[in-house]
Amino acid sequence: MLQPRITAVTPMPLHFLHLEYETGEKRLFDVNPYISGSWYGELSDERYFQTVSLLPGGVGIEWKHGQDIAPHELYERSVMVGQ
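To convert, take the position in the sequence shown, counting from 1, and add 4; that gives our numbering.
Check before you lean on any hint, since a few could be wrong.
Unchecked claim - Below, simulated EDC-like cross-link-like pairs (lysine to aspartate or glutamate); rule was C-alpha separation at most 20 angstroms, straight line:
| no. | residue 1 | residue 2 |
| --- | --- | --- |
| 1 | LYS30 | GLU77 |
| 2 | LYS68 | GLU46 |
| 3 | LYS30 | GLU66 |
What the hints assert, rightly or not - Computed spacing ranges between beta-carbons, pair by pair:
| no. | residue 1 | residue 2 | range |
| --- | --- | --- | --- |
| 4 | GLY41 | GLY86 | 27 to 35 angstroms |
| 5 | ARG51 | LEU6 | 30 to 38 angstroms |
| 6 | ASP72 | LYS30 | 14 to 22 angstroms |
| 7 | MET16 | HIS69 | 19 to 27 angstroms |
| 8 | SER42 | LEU6 | 30 to 38 angstroms |
| 9 | ARG81 | PRO17 | 17 to 25 angstroms |
| 10 | GLU46 | GLY86 | 27 to 35 angstroms |
| 11 | GLU26 | ARG51 | 15 to 23 angstroms |
Hints in this document: simulated from the structure, not taken from any laboratory. Model, not experiment: these values are computed from the prediction. Glycine included, every Cβ here is placed at the ideal spot set by N, Cα and C.
Please model the complete structure; the sequences and the hints are all you need to start from.
Spelled out as structure tokens, the structure:
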């Protein structure tokens, strides 16, 4: 399944991401299961976590040192929140 493009990403407290999609969907993604090891461990730093940004064209998200989460995971493992 192709995921819709992401139009906005907002870092939330407790290592959650609020994602908005071109379809109008708003979803909440829990990053906590990813925050371990040498690559993703840096995300545990709240100030660094806040540096998340949208990739050009809304094809994904990433942090300034290159950490990312696959777009299909963002969509499939997130939960819908109020429209």
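Legend entry - Non-conforming hints, listed in increasing numerical order: 11
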